[in-house]
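So the sequences go chain by chain: F and H.
Using my numbering, the letters of the first sequence map in sequence onto residues 11 to 324.
Using my numbering, the letters of the second sequence map in sequence onto residues 11 to 324.
Treat each hint with caution, since some may be false.
Treat identical chains as interchangeable: a pair holds within one or across any two.
25 Å max Cα-Cα, derived DMTMM-like pairs, lysine to aspartate or glutamate [as the list claims (entries may be wrong)]:
hint: 1; residue 1: 135; residue 2: 308
hint: 2; residue 1: 135; residue 2: 63
hint: 3; residue 1: 103; residue 2: 264
Hints are computed from structural coordinates only; laboratory data are not their basis.
Only a predicted model underlies this, so the values are computations on that prediction, with no experimental measurement involved.
Protein chains: 2
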Amino acid sequence: MKRDIVLAVDLGGTNLRFGAVDSRGRIVLRASAKMGTYRRKSDLLGDLAGAIDGFMAEAAALGRPRAVGLGFAGCTDSSRGLIYFAPNVGGFKNIGAGPYLERRLGVPVFVENDANCAAVGEHWKGAGRGARSLFMFTLGTGVGGGVVMDGRIWRGAAGTAGEVGHTIVMAGGPRCSCGNRGCLEAFASATAIVKEYRRLKRAKGRAAPAGRVTARQITGLARRGDKAAVAAVGYAARGLGMGIANIFNLLNPEVIIVGGGVSRAGRVLLGPAVREARGILFPQLARFLRVKRATLGDDAALIGAARLVFPRLK
Amino acid sequence: MKRDIVLAVDLGGTNLRFGAVDSRGRIVLRASAKMGTYRRKSDLLGDLAGAIDGFMAEAAALGRPRAVGLGFAGCTDSSRGLIYFAPNVGGFKNIGAGPYLERRLGVPVFVENDANCAAVGEHWKGAGRGARSLFMFTLGTGVGGGVVMDGRIWRGAAGTAGEVGHTIVMAGGPRCSCGNRGCLEAFASATAIVKEYRRLKRAKGRAAPAGRVTARQITGLARRGDKAAVAAVGYAARGLGMGIANIFNLLNPEVIIVGGGVSRAGRVLLGPAVREARGILFPQLARFLRVKRATLGDDAALIGAARLVFPRLK
């Protein structure tokens, strides 16, 4: 008998990933692709449909997928398959991704914010297993978040809950891509780390390394003790620590998980972030703080997207 | 037949209020008292028990109360009747209020954070009626908050959720009573408004009005257009606006309610606060923002404390 398979798709700020996920949360086939840059949302959707269609063909041997679960880097109304706004994907507004992809692909398509998917994935199979409540920070090109309460994702009234990246922790602080100042994303995103690293290098009177330096390179350098890299990651850690303290004060989740590409920095990020958070919290409460690094890596959003889809299948 | 009555008690940062509340949320008898200042928590608890006992005697004609519901200005574990920490009530830690009061009063006593009670009260009988989810800011001596999701108060893993007053909105900003800088409470509490008003008066080279000026006087002056008072309330509004935007981004509640004594300022506070919040939010999301002023005034926490108790009675 063929297994029930959901095609999970994760469109982050930079990468497009695919996974054929079975009902136990195992990724039985995977692929990835680069997205282009798009001036029109119809081009984005067309490319996305083509890429998913390509993966469906690859996965054909597994049997026809029951549905597609799409984690999308944007503010999402999953009840309508609508992306209100995608600041890190072309800045597009009101993308009717769900209905469009269903027409193109001929299977049910469920759209959810990618950070919500990651939180659900870590809750199901990762660092949040067994927790009644959790909050997950996804530190990537931007900063996303997902709230799990009583075991279920909390989407809010319009479906846009979890947008921790644009909560303000330092009014008047560094400029964020959204136009405001002092958002968490202006500290703890890959973008912010690169910017801070370049600033530190310039301040030292040294040119930044030739060509493009990535957050991945910087977190790698930081793990090996490079001073400017450690400082740039420390800058992210300070913002993240404030974000962790704010979430803990507001929601008091059983566990707070830190994932996304930036979390690869490991201890050099989480150590100072947790110290910052503990320094902010009342000591009576700080002892309840539990912060964990995500364990599923890039798979979290795929596994979570599938987890959100399975219960909706008849 | 006698009605089921719960004795609700609201111990805020400054005032002690009592209400005999029936199962429809009507306060059928009320009283208030001033608390002293206490150097030992046993003195605080002794005084509190005496005051509640006095109100029980007053309310005797209504029949023996089924239970006491105590809203307390502190971080609370309602499952154990424990107050972890009460920054605005003597700074006491680990107050075993529930067990102590049960022994003294001879009826079941349920202890809950006062701002959680207020949120539940407004949800049951006030500005949040019918909402599936809400967040309520209580702007008093300090700043409290309460999260209602799927119609129920969200307490978090250790019972301390909703502590919005100590979320950081301006790292490095004004000093808060908790020792940190830039907490919401350092902007939007009665304490902060008085401090800002005095600062503005001094900056103008005028002495502050003789004697103690209260936040209530300042919000009154602001409603009548007094410049320094409007500016002091505007300072609170800026912090509150950031808090509103942060809550909306994180939780996307159906409605956000602003209550507590400071909310008496009315439009002069809420107008600029909502403008600040809308300016921060993505326009695609800002249209979903609904902010309301609380409608139950000082009764919110009493009604909410009773609401939380009734379902626990056999």
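Hints and how they fare:
Taking the shortest alpha-carbon separations for residue 135 and residue 308, only the intra-copy value of 13 Å comes in at or below 25 Å, while the best inter-copy value is 46 Å. Taking the shortest Cα distances, residue 135 and residue 63 never come within 25 Å of each other, neither inside one copy (27 Å) nor across copies (52 Å). Proximity of residue 103 and residue 264 under a CA criterion of 25 Å is satisfied inter-copy only: 22 Å between copies versus 34 Å inside one chain copy.
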